[in-house]
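Spelled out from the first residue to the last, the chains are:
There are 2 protein chains.
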Amino acid sequence: MPRSEIDGIDRKLLVALQQDARLTTEQLGRRVGLSASPCARRVRLLEAAGVIKGYVAVVDQSKAGLPISVFVSIKLERQREEELDRFAEAVARWPEIVDCYLMTGQRDYLLRIVVKDLPAYETFLKQKLTRLEGVASIESSFALGQVKHSTVLPMIET
Amino acid sequence: MPRSEIDGIDRKLLVALQQDARLTTEQLGRRVGLSASPCARRVRLLEAAGVIKGYVAVVDQSKAGLPISVFVSIKLERQREEELDRFAEAVARWPEIVDCYLMTGQRDYLLRIVVKDLPAYETFLKQKLTRLEGVASIESSFALGQVKHSTVLPMIET
DNA sequence: CTACAAGATCAATATTAGCCACATTCCTCT
DNA sequence: AGAGGAATGTGGCTAATATTGATCTTGTAG
Numbered sequence: 001m002p003r004s005e006i007d008g009i010d011r012k013l014l015v016a017l018q019q020d021a022r023l024t025t026e027q028l029g030r031r032v033g034l035s036a037s038p039c040a041r042r043v044r045l046l047e048a049a050g051v052i053k054g055y056v057a058v059v060d061q062s063k064a065g066l067p068i069s070v071f072v073s074i075k076l077e078r079q080r081e082e083e084l085d086r087f088a089e090a091v092a093r094w095p096e097i098v099d100c101y102l103m104t105g106q107r108d109y110l111l112r113i114v115v116k117d118l119p120a121y122e123t124f125l126k127q128k129l130t131r132l133e134g135v136a137s138i139e140s141s142f143a144l145g146q147v148k149h150s151t152v153l154p155m156i157e158t
Numbered sequence: 159m160p161r162s163e164i165d166g167i168d169r170k171l172l173v174a175l176q177q178d179a180r181l182t183t184e185q186l187g188r189r190v191g192l193s194a195s196p197c198a199r200r201v202r203l204l205e206a207a208g209v210i211k212g213y214v215a216v217v218d219q220s221k222a223g224l225p226i227s228v229f230v231s232i233k234l235e236r237q238r239e240e241e242l243d244r245f246a247e248a249v250a251r252w253p254e255i256v257d258c259y260l261m262t263g264q265r266d267y268l269l270r271i272v273v274k275d276l277p278a279y280e281t282f283l284k285q286k287l288t289r290l291e292g293v294a295s296i297e298s299s300f301a302l303g304q305v306k307h308s309t310v311l312p313m314i315e316t
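These protein sequence lines are chains B and C, in that order. Quick note: the first sequence, position 140, residue 140 per our numbering, numbers continuous. Plus 158 on top of the position in the second sequence (first one is 1) and you've got our numbering.
The hints are simulated quantities; they were obtained by calculation from the structure and are not laboratory data. Note that beta-carbon positions come from the ideal geometry of N, C-alpha and C, so glycine has one too. Misleading hints may appear alongside valid ones.
Each computed BS3-like pair below joins lysine-lysine, with the alpha-carbon atoms no more than 27 Å apart [what the hints assert, rightly or not]:
#1 148(B) / 286(C)
#2 274(C) / 148(B)
#3 75(B) / 233(C)
#4 148(B) / 306(C)
#5 128(B) / 221(C)
#6 116(B) / 170(C)
#7 233(C) / 148(B)
#8 12(B) / 233(C)
#9 306(C) / 126(B)
#10 12(B) / 274(C)
#11 306(C) / 63(B)
#12 286(C) / 12(B)
#13 211(C) / 53(B)
#14 116(B) / 306(C)
Here chain C is said to cover these stretches of chain B; the calculated rule only asks that three of the stretch's residues, wherever they fall, bring their Cβ under 8 Å from a Cβ of chain C [claimed, not checked]:
#15 20-32
#16 51-61
#17 97-105
#18 108-115
Let's have the full structure, built from the sequences with the hints guiding it.
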């Protein structure tokens with residue numbers, strides 16, 4: 001039967017491509033111990049299966065003039081369907097919100113906001129976040145620096 | 159003199175490449191209103207300046223078998239040089255730590271850990287994090303789901 | 001032993017990047 | 001207004017690479 005789960009070679013492929021998506025199929029093959037053509041086939045299968053969602057450029061936050069990351073945890077007044085949907089819609093719409101997680105515990109959401117400076121954050125807060133209905137509380141924590149920002153998921157072999 | 163700062167076209171380029179790095183220079187040019195050759199030149203300049211740090215594949219966390227994100231905030235006993243260095247070294251070494259920020263406020267670091275399930279997180283905690291010297295306290299918050307995970311920085315035109 | 005899945009190898013084709021040269025446009029400074 | 005410089009537009013050429021398809025080999029499970 002045709003293989004369908006992710007094996008060790010696939011994991012190596014994913015690690016390599018998460019580090020550098022510009023490798024040629026030949027270089028890729030060498031890294032994972034395959035020749036170019038089966039290697040290309042596996043990559044295409046991973047793309048088709050949606051394991052690889054796409055290929056993107058990684059931009060330096062500071063050099064792009066956006067050095068500030070702010071973490072914001074948010075509590076909603078109610079967790080009704082309508083509330084959650086409206087919140088999710090706003091999150092998707094606002095580009096300053098780079099990451100958003102639904103959390104366990106006292107706080108409902110954890111966001112990471114990227115801005116060029118603190119005044120920009122203040123504007124974002126005042127004009128967008130605080131105007132959202134259904135938000136009970138907002139708590140901001142500022143990042144002084146990025147110690148690590150990995151593009152590679154921990155694909156441990158088992 | 160040769161241009162050196164990022165202008166509106168560069169911003170458009172960066173946005174496009176952060177969405178899809180596989181666009182040909184021609185398609186890219188069409189998006190930003192340039193023909194292929196100056197477009198390619200600008201991209202090369204952005205790469206050389208380090209604004210574009212690289213190109214990577216984006217992998218679906220769940221489909222790759224790593225559905226769990228845990229946020230961990232950490233407080234060190236002291237913030238001496240030596241302590242910070244050791245911590246940074248460990249963070250860089252452990253692939254489960256995907257993101258790490260140095261924070262203001264009561265907590266020193268905020269980490270995002272990616273694992274395949276809760277037992278794996280427990281193992282990570284017991285065998286790695288809690289064994290690090292100089293760590294005063296660890297506080298874990300679990301993510302129930304990813305609402306947004308953007309690869310595009312908010313390049314607002316000004 | 002057979003069947004099948006996956007890999008290796010090879011060939012043919014087409015797309016694309018990377019260069020380079022040259023003309024043109026746009027902007028700024030004097 | 002005029003000069004100079006920076007950046008773009010166009011075209012042409014070459015080399016690298018992806019893509020596809022065919023054929024053969026290998027390892028393995030039934």
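Results of checking the hints against the structure:
{"no.": "1", "hint": "148(B) / 286(C)", "result": "holds, 17 Å"}
{"no.": "2", "hint": "274(C) / 148(B)", "result": "holds, 20 Å"}
{"no.": "3", "hint": "75(B) / 233(C)", "result": "holds, 24 Å"}
{"no.": "4", "hint": "148(B) / 306(C)", "result": "holds, 20 Å"}
{"no.": "5", "hint": "128(B) / 221(C)", "result": "violated, 33 Å"}
{"no.": "6", "hint": "116(B) / 170(C)", "result": "holds, 17 Å"}
{"no.": "7", "hint": "233(C) / 148(B)", "result": "holds, 17 Å"}
{"no.": "8", "hint": "12(B) / 233(C)", "result": "violated, 34 Å"}
{"no.": "9", "hint": "306(C) / 126(B)", "result": "holds, 21 Å"}
{"no.": "10", "hint": "12(B) / 274(C)", "result": "holds, 17 Å"}
{"no.": "11", "hint": "306(C) / 63(B)", "result": "holds, 24 Å"}
{"no.": "12", "hint": "286(C) / 12(B)", "result": "holds, 24 Å"}
{"no.": "13", "hint": "211(C) / 53(B)", "result": "holds, 20 Å"}
{"no.": "14", "hint": "116(B) / 306(C)", "result": "holds, 20 Å"}
{"no.": "15", "hint": "20-32", "result": "holds (count 3)"}
{"no.": "16", "hint": "51-61", "result": "holds (count 11)"}
{"no.": "17", "hint": "97-105", "result": "holds (count 9)"}
{"no.": "18", "hint": "108-115", "result": "holds (count 4)"}
Of the numbered hints stated above, those contradicted by the structure are hints 5, 8, listed in ascending order.
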